[in-house]
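So the sequences go chain by chain: C and F. Residues 1 to 391 in the numbering used here are what the first sequence lists, from first letter to last. Residues 1 to 282 in the numbering used here are what the second sequence lists, from first letter to last.
A hint or two may mislead.
To be verified - Here are the computed lysine-lysine pairs in the DSS-like style, where the Cα-Cα straight-line distance is at most 25 angstroms:
| # | chain 1 | residue 1 | chain 2 | residue 2 |
| --- | --- | --- | --- | --- |
| 1 | C | Lys265 | F | Lys119 |
| 2 | C | Lys265 | F | Lys147 |
| 3 | F | Lys32 | C | Lys297 |
| 4 | C | Lys232 | F | Lys218 |
| 5 | F | Lys108 | C | Lys265 |
| 6 | C | Lys258 | F | Lys220 |
| 7 | F | Lys119 | F | Lys108 |
| 8 | C | Lys265 | F | Lys60 |
| 9 | C | Lys297 | F | Lys96 |
| 10 | F | Lys119 | C | Lys53 |
| 11 | C | Lys53 | F | Lys219 |
To be verified - Label-pair ranges, simulated between beta-carbon atoms:
| # | chain 1 | residue 1 | chain 2 | residue 2 | range |
| --- | --- | --- | --- | --- | --- |
| 12 | C | Ala320 | F | Pro215 | 26 to 36 angstroms |
| 13 | C | Ala387 | F | Pro35 | 34 to 44 angstroms |
| 14 | F | Thr4 | C | Arg19 | 24 to 34 angstroms |
| 15 | C | Gly321 | F | Glu34 | 35 to 45 angstroms |
| 16 | C | Ile247 | F | Ser276 | 53 to 63 angstroms |
| 17 | F | Glu105 | C | Phe34 | 32 to 42 angstroms |
| 18 | F | Ser61 | C | Gln292 | 29 to 39 angstroms |
| 19 | F | Glu13 | C | Asn372 | 51 to 61 angstroms |
| 20 | C | Asp280 | F | Lys147 | 22 to 32 angstroms |
| 21 | F | Glu13 | C | Ala387 | 29 to 39 angstroms |
To be verified - Stretch by stretch, here's where chain C covers chain F in the computed footprint (C-beta under 8 angstroms, at least three residues):
| # | segment |
| --- | --- |
| 22 | 6 to 19 |
| 23 | 22 to 28 |
Keep in mind that the hints were calculated from the coordinates and are not lab data. Idealized CB from N, CA, C, for every residue including glycine.
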Amino acid sequence: MLINLFHTVRSAGVPCTLRELLDLLGALEKNLAFADMEDFYFLSRTTLVKDEKNYDKFDKAFEIYFKGIETLEDIFEALIPEDWLRKAFEKELDPEELKKIQSLGGLEKLLEEFKKRLEEQKERHEGGNKWIGTNGTSPFGNNGQNPEGVRVGGEGGQKKAVKVWEQRQFQNLDDSVEIGTRNIKVALRRLRKFARQSTEYELDMDGTIKSTARNAGILDINMIPERTNHVKVLLFFDVGGSMDPYIKLCEELFSALKTEFKHLKYFYFHNCVYESVWEDNRRRTQERFLVQDIINKYSADYKVIFVGDATMAPYEITNAGGSIEHWNEEPGGATLKRLCQHFDKVAWLNPVPDDHWDYTSSLCIIRELMDNRMFPLTLKGLEEGMAELSK
Amino acid sequence: MKFTGTKNYVSTEDLSMAVNATIALERPLIIKGEPGTGKTLLAVEVAQSLGMDLIEWHVKSTTKASQGLYEYDAVTRLRDSQLGDERVKDIKNYIKKGKLWEAFESDKQVVLLIDEIDKADIEFPNDLLQELDRMEFYCYETGETIKAKKRPLIIITSNNEKELPDAFLRRCFFHYIQFPDRPTMEGIVKVHYPKIKKALVKDALDIFFDVRKIPGMKKKPSTSELIDWLKLLMSDELPDEILKNADTSKAIPPLYGALLKNEQDVQLLERLAFMSRREQTK
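Hey, can you work out the whole structure from these sequences and the hints?
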C-alpha cells in the first residue's frame, strides 16, 4: 500500500525510510485522513518529510504521483465501478442540468468525450473553450462555468483553487543539499577540540577522592570546568565560474561543517580573496564584508579553511586590478597573505585532484602563499588538512 | 481527541493535521519555523485545549540529555555522609528527577515541551533516541527502569541553529510553521484584539508586510512583534492618518521599537525612507 508513492517520493530525493512509511500507514489506519486529498497531503508530508528544505522535493513528487493517477486513461474504470460514478453524478445534478447534459449526448457520451480529448491534449491548459483545464467553458476541467462540466482534479471553487502542493511555496527553502556523507563528518571530527573553558562546573570525582584522602578523610570537594567543543572555524568558499563542477562536493562539505561546529562563520569569494568578501551569495553586490574587519573581529585562534580550486589567470593573484569583477587596489595575493599571517591555523582545501596541481600556475602560486598548506578535497586530504589545523 | 486551534491560537490546516497525527500515533512532533511564529505557544495551547498538564523543558547550550532524565547529587550525599545524616543510606534521596521522568511518571497523559532543542550540543538529540522511542530509560543508581505510564505528547521546537541527526528525525513527525499569509495574519490579529479598528489593522498590516519585504534585514519582524506593535498603537490611540502617511511625513513607522529589534535595521529603514522621500520631492 502506498509503496509507489513512497518510491516516487524517495526517488525525488526526500530521504524517507520504511519506518516513516509505516508511520503513515499507521496514521491512515487511525482514520486521520479520510477521502480528502488535502488532508492526505498534509498527513503524508508531516510523516515522510523531516526538514523544510525537502518540502519542495516532496511537493514535486506528490504532484507527479497524483498527476499520474489523474492522467490514467481509464481512471473511472480503474478506481470506481462506472455505475457508482454515474449515480453520484446524477445525484449532484438537478433535473435541469441533467436535461442540459443530454445536449452532449448523455453522460456516457460525456465520459467518452472526456477520454478522447484527454488523449488529444498533451499539456496543461487554462481558459479557452475546448481543452480540459481550468477556468474555461469546456465541459471538462476545473472551476469552469459549463453546467455539464466534469471537474478534473483540484478543489472546487469554494475552497482553494490550486492544490497546495502545486503552489510549491517551499521552493526557495530547498537551497542546500541533504546532509552530506557521514564520512566527511567523521573526518571533521578530528578537529574537535574539547577544552575545559566554560563557566559551568562539574564534580571532579577523582580529584575529590584524592584530596579527601589527603585531608585525612574530611571531605574536600574539587570542581573542574566542563568540557565543551571549542573549535572556532572561519570558512571561505570560492563560488561561481570554475567551481561549478564541484558544487555537489562542496555542498556536502558545507553541510557537514555546519553540523559539526558550533562557532562557524562562512564567507564567499570569487577566484581569489580580495579586499572584501560576502556572506549571502544572492546579495553579493550589496552586502560586503571587508577582510580587514574580519581580521580585526576574529581572534587568531580561529581556524581558517579556504575552499576553492585556485584555478585562474596568475595576474588575478599577483596584480592590483587583477580581479575579473572589479578594480582591486591591492593584489589578491597580498590579502591572502595577510589572512594567513593573522590566523595561526590555515588550510586550503582544493577539489582539483592533486596530481593535476603542478600544471596550473595560479594553483602553484596560491600553494606557495599558503606555505604548502593545501590539501585535496578527498577524505584523505580532509584528514590531513584537519590534522594540520589541529596541530 | 482532535486539535483545531483554540480561541487564542489560530492553527492552519496543515499544523492541525501534524498535531493530530502526533496525538494519534504518540510520536514526538518537531516544530520549526521563524522565531515568533508561535512554536512554543503551540504546546501551551495544545495542552490547554486537550485538558492536559504541560511540562516544559527549556533547553540551553549547557543542557545535557541526562538532565532531562535525572541527576544524581553526589556532592550533597558526600556531605551528608560526613555529617552522619540518616538520609545517606538511601541513594534515592539524592536522585533529582528530570522533566522526562516527571512526564513518564504522570498518571494522566501530559504534554511535554522540549523547547529550542537546537540550542544544545550536537549530541543532545542522539542521547535521547531510545528514551523518546520506547518512552523508557534506565536509572543506573537505583537500578530501576522508568517506563512511561501514559506516553506523553511530546512537542519539540527548533530554530534551525543546528541540524538534527537523521536517526532522531526518523522517530519524530515534522512540521514547518510557514510565515502566515495575509488572511491568516488578519485572523491572528482578530483573535488577539477583537475590538481593533479595521482600518488600523489594514494599514498596520500593509506597513508590516512592506517592512518584511525589505532585503538585508537582520531580524524580520514576525507575528509576535506585530501583536506587540498593535498593542502599542492601540494604547497610544494614534490618529489613523499617521499610519497612512508613515512613508512620507515620518521617517519610519510610529513606535517602530516594537517591530524592529536591531539598530542596524532601524538605520536601514531610515535610509530607505529618506531615499523614497527624496525621490518624491524631485
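For each hint, the structure was consulted:
{"no.": "1", "hint": "C:Lys265 <-> F:Lys119", "verdict": "17 angstroms, holds"}
{"no.": "2", "hint": "C:Lys265 <-> F:Lys147", "verdict": "42 angstroms, violated"}
{"no.": "3", "hint": "F:Lys32 <-> C:Lys297", "verdict": "31 angstroms, violated"}
{"no.": "4", "hint": "C:Lys232 <-> F:Lys218", "verdict": "22 angstroms, holds"}
{"no.": "5", "hint": "F:Lys108 <-> C:Lys265", "verdict": "46 angstroms, violated"}
{"no.": "6", "hint": "C:Lys258 <-> F:Lys220", "verdict": "23 angstroms, holds"}
{"no.": "7", "hint": "F:Lys119 <-> F:Lys108", "verdict": "29 angstroms, violated"}
{"no.": "8", "hint": "C:Lys265 <-> F:Lys60", "verdict": "21 angstroms, holds"}
{"no.": "9", "hint": "C:Lys297 <-> F:Lys96", "verdict": "43 angstroms, violated"}
{"no.": "10", "hint": "F:Lys119 <-> C:Lys53", "verdict": "20 angstroms, holds"}
{"no.": "11", "hint": "C:Lys53 <-> F:Lys219", "verdict": "20 angstroms, holds"}
{"no.": "12", "hint": "C:Ala320 <-> F:Pro215: 26 to 36 angstroms", "verdict": "32 angstroms, holds"}
{"no.": "13", "hint": "C:Ala387 <-> F:Pro35: 34 to 44 angstroms", "verdict": "39 angstroms, holds"}
{"no.": "14", "hint": "F:Thr4 <-> C:Arg19: 24 to 34 angstroms", "verdict": "28 angstroms, holds"}
{"no.": "15", "hint": "C:Gly321 <-> F:Glu34: 35 to 45 angstroms", "verdict": "43 angstroms, holds"}
{"no.": "16", "hint": "C:Ile247 <-> F:Ser276: 53 to 63 angstroms", "verdict": "39 angstroms, violated"}
{"no.": "17", "hint": "F:Glu105 <-> C:Phe34: 32 to 42 angstroms", "verdict": "36 angstroms, holds"}
{"no.": "18", "hint": "F:Ser61 <-> C:Gln292: 29 to 39 angstroms", "verdict": "31 angstroms, holds"}
{"no.": "19", "hint": "F:Glu13 <-> C:Asn372: 51 to 61 angstroms", "verdict": "59 angstroms, holds"}
{"no.": "20", "hint": "C:Asp280 <-> F:Lys147: 22 to 32 angstroms", "verdict": "48 angstroms, violated"}
{"no.": "21", "hint": "F:Glu13 <-> C:Ala387: 29 to 39 angstroms", "verdict": "52 angstroms, violated"}
{"no.": "22", "hint": "6 to 19", "verdict": "holds (count 4)"}
{"no.": "23", "hint": "22 to 28", "verdict": "holds (count 3)"}
Checked against the numbered hints listed earlier, the structure breaks hints 2, 3, 5, 7, 9, 16, 20, 21; every other hint is satisfied.
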